[in-house]
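Chains as they are written, first to last, in this note's numbering: chain A, 298 to 470; chain B, 314 to 801.
Think of the hints as simulated: they come from the structure by calculation, not from any bench. Among the hints, erroneous ones may be present.
[What the hints assert, rightly or not] Taking CB as the label site, the calculated pair distances span:
| hint | chain 1 | residue 1 | chain 2 | residue 2 | range |
| --- | --- | --- | --- | --- | --- |
| 1 | B | G500 | A | P468 | 28 to 36 Å |
| 2 | A | K458 | B | R597 | 53 to 61 Å |
| 3 | B | I696 | A | L469 | 22 to 30 Å |
| 4 | B | V659 | A | R441 | 39 to 47 Å |
[Stated by the list, open to error] With the C-beta cut set under 10 Å, the calculated list includes, among others, these residues of chain B facing chain A:
| hint | residue |
| --- | --- |
| 5 | V319 |
| 6 | F322 |
| 7 | A326 |
| 8 | N502 |
| 9 | D508 |
| 10 | T706 |
| 11 | A722 |
| 12 | I756 |
Every value quoted in this text rests on a predicted model; they were computed, and no experiment measured them. Even glycine gets a Cβ: it sits at the ideal position worked out from N, Cα and C.
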Amino acid sequence: MERKRIVLQAREDSANGTKHADLVIRGGVVETIVAVSFIAVAVWLWLGSYAFDESDRGLMGPAAFPRGVALLLGAASLVLAFRGGRQIVRPAAHNAAPVVFRRPSAVVVAAILIVLYPLLLPRFGFYPTTGVWLLALLWCAGQRNVVWGLVTVLAFLVVVKLVFQMAMGIPLP
Amino acid sequence: MWNGFVHAFSEMASWPVARAMLFGILAGYFVGATPGKSSSIGIALALPFTFSMSPVASVVMLVTLYMASEYAGAIPAILVNTPGIPAAAITAIDGYPMRLRGEAGAALTLSILSAAFASTTSTILLIFTATWLATIALSFGPVEYFAIAVLGLSLVSSLSGKSMLGSMIGLFFGLAVGVIGTDPIDGVNRYVFTDSLLSGVQFIPALIGLFALSGVFTMIEEADQGVDPLKELPSVRGQFGLIKPHFWTLVRSTLVGYLVSIIPGHGATISAVVTYAVQKRWSRKPETFGTGNPEGVVASEAGANASVPAALAPMLALGIPGSASTAVLIGALTLHGVQPGPLIFVRTPEVPYSIFLALLLTMPLMVALGLGGARLWVKVTQIPRPIMAALVTALCLLGSYAAQNDVFAIWTTVFFGIVGYILKKIDIQPAPIVLALVLGYLIETNFRRSLLSASGDPMVFLTSPLAIVCFILAACVFLWPFVRPSRG
């Protein structure tokens, strides 16, 4: 258990007594993943700058600033990766606090719903998409009272219609 | 200056501006009283409502929201020990023990009157500071602007969040995002993989994602916790005479708070911490701080609220954000075609002077709402978290769509929301990213313009005394966190 990098830890909610599993990731793992992602961004910035490089312009050219930023981002991310790596190898020596994701399943479902919204919006239009989507999001967030959920959705759509569309004249798909 | 005020007054004496001001105050109270919402989140969420407004109405609404939210955080902090905004946690140290002693009315009166005094005094200081700074800044060239922007960036990097490295990475990531789009000098496309990125990453959707949507995931994590039920709430009545014995505490804290917050990067929280510590040192009874000493409430509230006008000074005069909230305000002004900086006083004087007037005129209304509606604002803490999380998400996505009438804006918000949430887990806060998005453009354009004016000679950056001072200060600020531990 001690050596595992990712664990699911059961937790009893104090408010209603229900049980949840928290995702506990050992200290250093998330830092390393983020650092590697940023190093990739820095490499992309550096290599991409050759597409619009005018070598005779030096620091005055359009590629100089992105390259400078790429170097700084890459260097800082390397330090973060090194720190994360040390925490993974010797967690006790480097006071590595684990990263805890509470209610991971609810967060992942919410993220999926949020990603789905811009996909569904142009296809089904604002009101039907938002109505169904908001109800699903309320459920995912923990709103189990369907009546309150419907009232919330209805109130939101009425406010959007009155404020955004009628008062402000913003066209919605 | 007087012409500016006359111009602004004629703009403000209209129903749309008055309505915007009222909405700003009410929304600010709502945001401030809701735990976990900062003023920058409130401004980001309110931005979509300003799209159809005039620049003056828009900025008046957002500035009053900023100010009201900074105060309103104190109400739940005092009454239920739940700070609405981070700075109010300092107020709760003495405010909540006062409420437990049955002095809730006194604590709330002291806090709102301190906030009112500090905001009004700081606004007067802002009027002189901003106009004076802007007059000087009119003579600045690209070298000076580059140096000031570098100084601003160095301050932000060292002051946001607990991790210096995390703040630096956030900063560099923000600068990296800022280079996407059409190059500001040569007009070539950089890292444009879709036409929607031709004018760069859209600022409003990005900041809605970083500030508001990233917070939604945290709200969903905590949605099962329920809210602490309200126990009996005392009735609150204004007792204006209570403030008299604390007059000098008020003056001292306001001045200290203003001076601390005028430096870019210092927000309300740092200001409240500093003024509280200063007052504790000056107090005849420092041992009573933390047990319900009214001086603590006065000092922290005056410090936090003096920071609002102070943060507007570098924003208006130099175009450099003094805090995360003013970075959002810069985005709002740019959206309406107004460019903050010294020329704002020449080209669109009605905007800065409307801000000054709005800060002064809203004060009586804020005091009335704060004292009269304290019990109502505390009830905001009782809104179920799932409902709040879902509504904020919907508002984020709707707001980013309305900014451009483009679904790509929603994708931008979603991307930055998820990135912001993950980064927060390792203490990389969104504020440095947003500030770098604002300052990156200033830095690059002025850096390259300086070199172009000197035919590429980098020594041009050492020709201006002001620039040299800024570079030395930036180096000191950058190195200070590395030196400090070895001294301690």
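Could you tell me which of the hints above the structure violates, numbers in ascending order? 4, 5, 6, 7 and 9
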